[in-house]
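Engineer: Line order of the protein sequences matches chains A and B.
Here our numbering is used: the first residue of the first sequence is 122, the next is one more, and so on.
Here our numbering is used: the first residue of the second sequence is 2, the next is one more, and so on.
These aren't lab readings, by the way, just hints derived from the structure by calculation.
Keep in mind that a hint or two might mislead.
Straight-line C-alpha distance at most 25 Å; calculated DSS-like pairs for lysine-lysine [what the hints assert, rightly or not]: (1) 19(B) with 132(B); (2) 189(A) with 23(B); (3) 177(B) with 75(B); (4) 143(A) with 256(A); (5) 124(A) with 75(B); (6) 189(A) with 110(B); (7) 74(B) with 97(B); (8) 19(B) with 189(A); (9) 124(A) with 97(B); (10) 281(A) with 97(B); (11) 337(A) with 359(A); (12) 19(B) with 110(B); (13) 8(B) with 132(B); (14) 255(A) with 337(A); (15) 8(B) with 200(B); (16) 23(B) with 132(B); (17) 330(A) with 124(A); (18) 110(B) with 281(A); (19) 132(B) with 39(B); (20) 199(B) with 76(B); (21) 366(A) with 124(A); (22) 76(B) with 176(B); (23) 132(B) with 337(A); (24) 99(B) with 110(B); (25) 278(A) with 110(B).
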Amino acid sequence: MLKCRVIPILSFNGFALVKTKKFASNARMVGNSIQAARVFNSRNVDELAFIDIYASDQNRKINLQVVKAIINECYMPVGIGGGVNSIEDIHNLLAIGADKVILKNMMIQNPNFLNEAASIYGNQCITIAVDAEKKEGSYFLYNRLNRTIPLFEFINKLTKFRFGEIILTSVNHDGMMDGFDIELVNQVVRMVEVPVVANGGGGQPDHFKDLFARTKIEAVGASSIFYFTQYTPLDVKKAVSSIGKPMRIITKNVITNTDIREI
Amino acid sequence: MTIAIIKYGMGNVASVQKALHKLGYSSIITNDPDEIRKSAYILLPGVGSFEAGMINLHRLGLVDLLTDEVCIKKKPFFGICLGMQLLATFGNEPHKVKGLGWIEGEVVKLHFSDDRRIPHIGWNNISLANKTNVFLQEFSGLDYYFIHSYHFVPTTNSEIVFTVDYGIPIVAAIKKGNIFATQFHPEKSQEAGASLLKKVIGSHA
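I would like the entire structure built from these sequences, with the hints used as guidance.
Structural biologist: This is how it looks when you write it as structure tokens:
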């Protein structure tokens, strides 16, 4: 049976890890990206995502040396995003060991690029980051391209293009640790056939239980909970597993036969 | 023993080399015919579309070379993901194309009538197809990382080693003589993946 995934989604500025609240520009520095990758690898997380959240704004490429050092720590799948806008960028990331690339601005500016990339690397390689902002009861696609884009209309159009997964982040809940936007998740899951990773708002294990109980989601993203609380990805998985969802719970190192220590 | 990891522009070769290195195997990432001929073991990784994979293998002149090394000279071979699918007679991504044809069968798109997600992405447990297979028994029941929208349907079941359940039984690993291949990514499957790579490659060392 396919297991539900818990994916730490780590944002960085090219070097250090940062954490935003509601995508505001005053992100807090929360650590070293390579060290974080090492810790999450030792905790056997299902998957990792790293996104350089300022690369596009600053019109620069993601730092491949740093990404390479991050991936080097990982023996699980890794998705990388930030400033990816050419086939060459994708090639460069895959060549140093990324499994998926995460696209955002390109999906808005030139969705045909999704098809171009998928025809070479396969749909499964192309993840899109959909950041949803709720304003006065309506959802919009958050972007820093100065465009007003109604969210569900946009997703409807997007379903005609090729990609393998959506990381769906609620901007309103980002960094707030106040629970997920269940309504948003349910809407989007109904509209697409690819897996959706629900992200934004997970602050304690109960939030994750609530999300999995009330949606058909199979994957969840989180970051603040792992920086600012004592909870680990394992705690989250145990909580979700307690409501009967299949989870991959690894508590022993099968090679050395030792317990995995909480770090 | 040097393992030749075939470089044909289809994705993630670095992760495979890193996993092999951790297990103590020396490997080279190459598409050079001499290096491939000199190697003791051939590993075909790959993510991407079936057609793009075959076009690249043809363009690099590797189809005849690999077929000679693996099917005639019986050099041990490990295929991963697209590197397993390309062994089929035909693929369908994005339309019908000829594969390497080492294992009779066709690679077809996953299709479900319910709301099951495509691609099949994530960790899923594999099961031995033939319970008398003592050599690989220890891996039955372990979770491995899958990420694919197409799956291999062999003409006969005799070459299936592991299956995985995703609404339907999907071929997770196949073996035919010196050829071993997995739909999942052992190099991305933490210790469960490392121990399987070690056992299969180690049996030829």
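Engineer: Of the numbered hints stated earlier in the document, which are not met by this structure?
Structural biologist: 1, 5, 6, 7, 9, 12, 13, 16, 19 and 23
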